[in-house]
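Residue numbers (the numbering used here), protein chains in the order written: chain A, 1 to 448; chain B, 1 to 448.
Keep in mind the hints are simulated off the structure, nothing from the lab.
Be aware that one or more of the hints could be misleading.
DSBU-like, lysine-lysine: derived pairs with alpha carbons at most 30 Å apart [to be verified]:
| no. | chain 1 | residue 1 | chain 2 | residue 2 |
| --- | --- | --- | --- | --- |
| 1 | A | 351 | B | 269 |
| 2 | A | 234 | B | 340 |
| 3 | A | 14 | A | 436 |
There are 2 protein chains.
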Amino acid sequence: MKAYIEQHKDRFLKELFELLRIPSVSSQEEHKGDMLVCAQKLAEYLLAAGADSARVYETAGHPVVYGEKTIDKSLPTILVYGHYDVQPVDPVGLWKSRPFEPEIRDGAIYARGADDDKGQLFMHIKAFEYLVREGKIRHNIKFILEGEEEIGSPSLSGWAKEHKDLLACDVILVSDTTMISDKVPSINCGMRGLAYVEAAVTGPDKDLHSGHYGGAVNNPINALCSMIDSLIDKDGKITVKGFYDDVIELSPEERAMFARAPFDIEEYKHSIGINDVKGEKGYSTLERTGIRPSLDVNGIWGGYTGEGAKTVIPSSAHAKISMRLVPNQEWHKITELFEKHFVSIAPPGVKVKVTPLHGGNGFLMPVSSRAYKAASKALEQVYGVEPVPSRGGGSIPVLADLQYILGANPLLMGFGLERDTIHSPNESYLLSQFYKGMEAISLFYAYY
Amino acid sequence: MKAYIEQHKDRFLKELFELLRIPSVSSQEEHKGDMLVCAQKLAEYLLAAGADSARVYETAGHPVVYGEKTIDKSLPTILVYGHYDVQPVDPVGLWKSRPFEPEIRDGAIYARGADDDKGQLFMHIKAFEYLVREGKIRHNIKFILEGEEEIGSPSLSGWAKEHKDLLACDVILVSDTTMISDKVPSINCGMRGLAYVEAAVTGPDKDLHSGHYGGAVNNPINALCSMIDSLIDKDGKITVKGFYDDVIELSPEERAMFARAPFDIEEYKHSIGINDVKGEKGYSTLERTGIRPSLDVNGIWGGYTGEGAKTVIPSSAHAKISMRLVPNQEWHKITELFEKHFVSIAPPGVKVKVTPLHGGNGFLMPVSSRAYKAASKALEQVYGVEPVPSRGGGSIPVLADLQYILGANPLLMGFGLERDTIHSPNESYLLSQFYKGMEAISLFYAYY
Numbered sequence: 001m002k003a004y005i006e007q008h009k010d011r012f013l014k015e016l017f018e019l020l021r022i023p024s025v026s027s028q029e030e031h032k033g034d035m036l037v038c039a040q041k042l043a044e045y046l047l048a049a050g051a052d053s054a055r056v057y058e059t060a061g062h063p064v065v066y067g068e069k070t071i072d073k074s075l076p077t078i079l080v081y082g083h084y085d086v087q088p089v090d091p092v093g094l095w096k097s098r099p100f101e102p103e104i105r106d107g108a109i110y111a112r113g114a115d116d117d118k119g120q121l122f123m124h125i126k127a128f129e130y131l132v133r134e135g136k137i138r139h140n141i142k143f144i145l146e147g148e149e150e151i152g153s154p155s156l157s158g159w160a161k162e163h164k165d166l167l168a169c170d171v172i173l174v175s176d177t178t179m180i181s182d183k184v185p186s187i188n189c190g191m192r193g194l195a196y197v198e199a200a201v202t203g204p205d206k207d208l209h210s211g212h213y214g215g216a217v218n219n220p221i222n223a224l225c226s227m228i229d230s231l232i233d234k235d236g237k238i239t240v241k242g243f244y245d246d247v248i249e250l251s252p253e254e255r256a257m258f259a260r261a262p263f264d265i266e267e268y269k270h271s272i273g274i275n276d277v278k279g280e281k282g283y284s285t286l287e288r289t290g291i292r293p294s295l296d297v298n299g300i301w302g303g304y305t306g307e308g309a310k311t312v313i314p315s316s317a318h319a320k321i322s323m324r325l326v327p328n329q330e331w332h333k334i335t336e337l338f339e340k341h342f343v344s345i346a347p348p349g350v351k352v353k354v355t356p357l358h359g360g361n362g363f364l365m366p367v368s369s370r371a372y373k374a375a376s377k378a379l380e381q382v383y384g385v386e387p388v389p390s391r392g393g394g395s396i397p398v399l400a401d402l403q404y405i406l407g408a409n410p411l412l413m414g415f416g417l418e419r420d421t422i423h424s425p426n427e428s429y430l431l432s433q434f435y436k437g438m439e440a441i442s443l444f445y446a447y448y
Numbered sequence: 001m002k003a004y005i006e007q008h009k010d011r012f013l014k015e016l017f018e019l020l021r022i023p024s025v026s027s028q029e030e031h032k033g034d035m036l037v038c039a040q041k042l043a044e045y046l047l048a049a050g051a052d053s054a055r056v057y058e059t060a061g062h063p064v065v066y067g068e069k070t071i072d073k074s075l076p077t078i079l080v081y082g083h084y085d086v087q088p089v090d091p092v093g094l095w096k097s098r099p100f101e102p103e104i105r106d107g108a109i110y111a112r113g114a115d116d117d118k119g120q121l122f123m124h125i126k127a128f129e130y131l132v133r134e135g136k137i138r139h140n141i142k143f144i145l146e147g148e149e150e151i152g153s154p155s156l157s158g159w160a161k162e163h164k165d166l167l168a169c170d171v172i173l174v175s176d177t178t179m180i181s182d183k184v185p186s187i188n189c190g191m192r193g194l195a196y197v198e199a200a201v202t203g204p205d206k207d208l209h210s211g212h213y214g215g216a217v218n219n220p221i222n223a224l225c226s227m228i229d230s231l232i233d234k235d236g237k238i239t240v241k242g243f244y245d246d247v248i249e250l251s252p253e254e255r256a257m258f259a260r261a262p263f264d265i266e267e268y269k270h271s272i273g274i275n276d277v278k279g280e281k282g283y284s285t286l287e288r289t290g291i292r293p294s295l296d297v298n299g300i301w302g303g304y305t306g307e308g309a310k311t312v313i314p315s316s317a318h319a320k321i322s323m324r325l326v327p328n329q330e331w332h333k334i335t336e337l338f339e340k341h342f343v344s345i346a347p348p349g350v351k352v353k354v355t356p357l358h359g360g361n362g363f364l365m366p367v368s369s370r371a372y373k374a375a376s377k378a379l380e381q382v383y384g385v386e387p388v389p390s391r392g393g394g395s396i397p398v399l400a401d402l403q404y405i406l407g408a409n410p411l412l413m414g415f416g417l418e419r420d421t422i423h424s425p426n427e428s429y430l431l432s433q434f435y436k437g438m439e440a441i442s443l444f445y446a447y448y
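Extracted from the complex, chain A is given alone in its bound form (with noise of 0.2 Å):
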């Protein structure tokens, strides 16, 4: 494809402009009619590359833009995941150039959505357009592009159960994640699930006055922070009754296969400017970011917080708390299991509800599938070197709805970098990472 590319770059880069030019903020109110001139431009998009057919959905939220192009019923169906929402943009003062006015400064565009996921997405329009136009395709392709990833995907999956036959695959191809770098290229082939609840514990029927009650009463805080103390173990285990029994330990061989990534512990440290790591006893860093589940308070609160001091036993405390999830272990079961768990460990004079806020599941690609192969042939051609399989700690529930909707595994071959600061001000996406990602999408189809 690298000629067609050389061919055709500055109409793509126009066309990706327009697209980054639509202020398609998902989560702000005032940006509802971005969010259908984004979807609309989309399925002009894939028209044009040479759908069969292209149509925005309405749903509940944003809409869903879905196209294809069946060639043969009886070849294979590769179905490519996108997202055409973006984060919000603020601290706006913190930008370079303005994020939906696009410029290439350095080699990178900048641009809100630049890398997450416009840019990315939209190589998979173009590599559609080329395998079409050269007369290369031989597999069936269709895109489902939604607008509602950056706010949990509330519409999408209803939308797909509703529409399962129109997206039967064989295979969801996505770029929507990093690899490790442009000299490393790797494929995530896991992402965690997720289980996340909220807890209250209620001790008196009002706030007390520590000094009359102080030693005499279980106080709400004292007592949260005690159960939440207990859920993990000195060796980092969670202790929540049945949770690791569903989680599949790996062979040795697949962790010597991820211990391949590039690390080094000293330059993690300093990145998030801690002086020790923290996990679960028996497993490295990225194993326990990548291939085991975790447990973290995300967030805290009860009595007065305040400025100065306020001597009181509050009524109530409260934790925001998740845990990431391998896959194999199903969120709904693992929120059960908390649920009940953490009941039974309160203790006297405290009352706890656990309220489930959300979840998903995390999902597997082997690395023994036909898909993978493809994929890693398509990088090791790009890039001169094999990739490196990965796991991402990280979830995206939306595809492991979708894999469990369609019985078809999601293929992550990610094509942004660290650098690329999505979702922080400056957003942007090498140009080389642009262009490489396009033949490398082309020569997967090839492969596959």
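For this one, chain A is given, so just place chain B on it according to the hints.
For chain B alone, coordinates are given in the frame of chain A:
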């Protein structure tokens, strides 16, 4: 004084309500102006009641009001202490009527400060007015009213040192506490001290994504919870090294005397809506709050506390932690012990900072003292029952300072009741206690 109250009660309430309408929240900068307004109003009230002089003194913080009437320097002098500042009103949504719009419901005044301490100090002004107007005054009476009690009285001790001669007295008379019930009057003959600190636990130098880092990094909230949990052992003992070194154990006789106080554990639990009490092994509930030290978290915060879910590992977590001390425990020493201990238990990957906020020592008023006996007779006459000596769980650290500076013991003749829920929403003060309190105070002067 009964007849005098009957005759003037409407005016008394009108004047008190004017005082209660001033939102004199000492901990909130926005109320700085209200503090001065409140102080000026009190100086006016003292003059109108019959003081020779009354004046508002500026301090580095909120003003101090001082007023006096000198009859004869050879007569005993009583210094009345009170405070006109109040606690914040949040959560304001739980108030049934507006906190600074006093209202009478079911025989009680509802307002922030209705009991603590505007309602109680106002009784002293009116008892004083009665003695002056009816020609019954037989002591020199001084008033010291501060505006910083709820924030730990940072200015009064210094001011009192500078004005030691002005404040010279034989006894410090205070109504800023509760009695056991309106059927069982009690005199507080000792208060606990206080050491109040704020602790910050910092991990990574920025907020992190809990998916990318969860499991590998010591989460400051989890760390803070574990550290807090470790502060109290399974027997309810505080684990801070050296904490109990200066605690004096009471004799079995003393414990028996205090145990005369009627106490119904079921009623206690019911009154605050808990199903069980909790505290130091080997001590009763009343002992746990009266003669034993305690430790409570008064506030905690960190991470995401808004609506819904945010998958963050916060950079830091914070808590306000206070210890109630018994007489003979010195609060500076305890604060230092706490700081040293808390820093020493910081786990790897986080840094800990402890900031002392305020504190004070506890103190005792012997039951054999002239002041105690006069108060006992006064209360017996009004309530028809001999009062029980009790020990207050709360702290008025400034009184320990005043005792030290002036060489006079404080007598705590409090008329609050548990039902008043001071520091909480819907603070109230029973009208019957308001009237009986005035009468008892006037009789105290008669018997002293």
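Restraint check for residue 234 (chain A) with residue 340 (chain B), where alpha carbons must lie at most 30 Å apart
Roughly 23 Å between the alpha carbons, so the hint for residue 234 (chain A) and residue 340 (chain B) holds.
Verify the proposed pairing of residue 351 (chain A) with residue 269 (chain B), using a straight-line Cα cut of 30 Å.
Given pair residue 351 (chain A), residue 269 (chain B) holds - Cα atoms ~14 Å apart, limit 30 Å.
Straight-line Cα separation of residue 14 (chain A) and residue 436 (chain A) no greater than 30 Å?
Within the cut-off at roughly 18 Å; holds.
Hint compliance for this structure: no hint is broken.
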